[in-house]
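For the record, the sequence lines run as chains A and B.
Position 251, counted from 1, in the first sequence is what this note's numbering calls 251; the numbers after and before it change by one each time, with no gaps.
Counting the second sequence from 1 gives a position; this note's numbering is that position plus 1000.
Don't read these hints as lab results, they were simulated from the structure.
The structure presented is a predicted model; accordingly, all values stated were derived computationally and were not measured.
Just so you know, nobody snuck in bad clues.
Here are the simulated distance ranges between beta carbons: (1) A/G38 to B/L1067: 48 to 56 Å; (2) B/N1156 to A/P158: 49 to 57 Å; (3) A/Y233 to B/D1070: 31 to 39 Å; (4) B/D1151 to A/E205: 26 to 34 Å; (5) B/D1106 to A/G142: 35 to 43 Å; (6) A/A193 to B/L1255: 43 to 51 Å.
Virtual Cβ for every residue (Gly too), placed ideally from N, Cα, C.
If you want the building blocks of each chain, they are given just below.
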Amino acid sequence: MPDLNVADRPASAFDEMNADGGIRPPYAEMARFLEATGQAALEQKRREAEVLFRRIGVTFAVYTEGGDPERLIPFDVIPRILSREEWERLAQGLEQRVRALNAFLADVYGPQEIIKAGRIPAELVLENEGYLPEMVDFTPPGGVYTVISGIDLVRTGPDQFYVLEDNCRTPSGVSYMLENREAMLRLFPGAFARHRIAPVSHYPEELLETLKSIAPPNCPGDPKVVVLTPGSYNSAYYEHSFLADEMGVELVEGADLFVRDKVVYMRTTAGAQRVDVIYRRIDDDFLDPEVFHPDSVLGVPGLMAAYRAGNVSLANAPGAGIADDKAVYPYVPEMVRFYLKEEPILANVPTFMCEREADRDYVLANLDKLVVKLARGSGGYGMLVGPHATEEQRADFAARIRARPGDYIAQPTLALSTVPTLCEDGVEPRHVDLRPFVLFGRTVRMVPGGLTRVALRKGSLVVNSSQGGGTKDTWVLDEAPDEGPVQSQDGRGMTQGDMTQSLGGMTQRMTGPGPAPANDTRAGEG
Amino acid sequence: MLSRTADSLFWLGRYSERAGNVARGLAATLRMALLTQALSGAEKEWRALMVAAGCEPGFRERHPGMLQEDAVHWLTLDPANPAGIAACIEAARRNARIVRTALTVDMWSAINDTWIEFRRLDGSAIRGDRLPGFLDWVTSRTLLFNGAAADTMLRNDAWRFTHLGTILERADNTARLLDARHAAFAKGAAADAACYAQWQAVLRSVAALRAFQHVYHARLDPQRVAELLILRPELPRSLLACYRRVEQTLQAIALANGGAQGECHRLAGALHARLRYGRIEAIMEGGLHGFLTGVIDENIRLGQEIAASYLNGRAA
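If we strip away everything but chain A, and leave its shape as in the complex, we get:
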């Protein structure tokens, strides 16, 4: 039987299921379900899930470290649940934030009014590695830069959500959001019947609509959309092929494309075929060897010229990375006020910029309380979690900060919320974050929820898959679970009568009212 009231939960952390001694409403039915299911059965489901993911091939590829080249990201079978109200507020905040980030990009590659107004230091933007001079004075089709964003959120209390970071380049993980849901539907159909869970499976359609909506204005007919991948050895290749498949578009590599007269074509069995929109999952630096890395074999020579000529759209726009730079991050709330004339709905985590002397002094004096991160970096590498670090690790980071202060930022250690998670010794609270995906074309679209990542190691705050993190399905409940009659997920109940009727014309011979064919009926029945 899972122990749902574990005592060793970090005293300060907010648990999303167990709060103030009681079960929070969105989890009411789940708590009962966990009680009734028991640890052994959950453990069994966890193993089934693993087989399922292996069979489907939902793996991330690691070809550099030896061992199994295709690994599973651990999947936790206990979902993370948000109420519709909680989600709606997040959704408003996400839309606001993405609109502001996009306005910022249009501004810094155009009139630069936010710099002229003195709201953000010029050198922070213009001398940033993420700032691409190639994008200056160019407006992408529809004026949209951040077509797909992943905004990482953390929670510290019932109403306290913070944005941990913005991902405006090529955020990944959405395939896990979708596959996790499929796995849960297969593993726990009963639990779905007892909840009204907002669906997420239409994400690929929304993505395709969004991509089509940013096609170049001169695009003839239905826009031809492709997904551009670095190839099958890339760690996120599964996701690239999954999204192309779900959208029904071609998955191309750089060598499949070529540019002639500033128009992009792909090489097909029927000859060259024009391409209008490229959802690219390769980094800016590798997009076009004529403009960026000259030795890149992943990209397409001449792609930027075709882009600038308005003959092809790229999602996301090159240079969008300036908006998710960790040194620019502290200014996002200011962007919301400056461009939208609104107060930010989602808060930033207070951030100390080691570049500034006062901030640096504070950081060096309080390393044991802070998380220090590289201003440019991802994957949880190059990071110091002060309270969990050794004296030597802190001394090492102090030296690094003094040597290159501009490379580091620091944030207070947040008591990230926890969600019950199946661990070796039973169901225990583990820290989580949330990455919702925001689509921005003519309109802003989101599917409810996102990818919940969970730090599986006890007490750990690092949720990255490369650092012992796993994932969970994320449920947004359309209404609070009730204890009324069991409803099937789509609301259509299937009755015995339908069943009999649908089998009526298909079986060989019927005796009596039952659905069983005559030759299956044993003596004494029917």
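Dock chain B against the given chain A, drawing on the hints supplied.
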């Protein structure tokens, strides 16, 4: 369809078929080696199979002798053998993963489950009594893949290129297996027990021993065995049956891609015509070995021409 996708599908079809063919050939050879030790020598049997699969030089580099145990390992689990089952399964799965979007779920499961299962195997899977079971398993996995493709794929270019790879590989396999034993079919070859066993082995390796009886109702004789494998339209692994489908499939591909035909269509048509109007007496008279090496060479050229027309990505 993307040229690269067509290329991966074509090779997926080829490698999957090849894995099954190696297993069939190996099972037939194993039987020969066991039963006819005294008649022709097991060593010769293993060498013939490796020559047919084109992996004999690689084996010789690594093994001074021709021990059965080494030969079996080389043809099954040794990843260093590019024509062995291990490499075929790895390559089939690699191509499948690249073009997952063009496969059906059933096809992907067939190939991916095979790959997962295969990676769990250790040396004991091919030792002693477990070897026949292992070979049956490999054969059945290829059958499953072919069945999944035939039963679940849309009849579009994805199907056509996969199928093209499968049947081109199958034709190649039939020609090579027959050629490896051409000596037993030569004029003046003694109609003794050793030759009889060779004819049986050839039929077995293309799953056609029963079929022979159904078609001819007679004792095996070299001319009929050769006719069945080369010219009979009703045997799905005969050269005629394979090239007929190669030609039809290439026609369908041309039709779906703007109608233009190239050298590959001419070659396929010529090969098909030669088989369709060929007579076994003339083939035997002219020399079976010469005829089969001619087919094998044409098959290689055909593969190259298919690549030039469709798989290499013309910019035009």
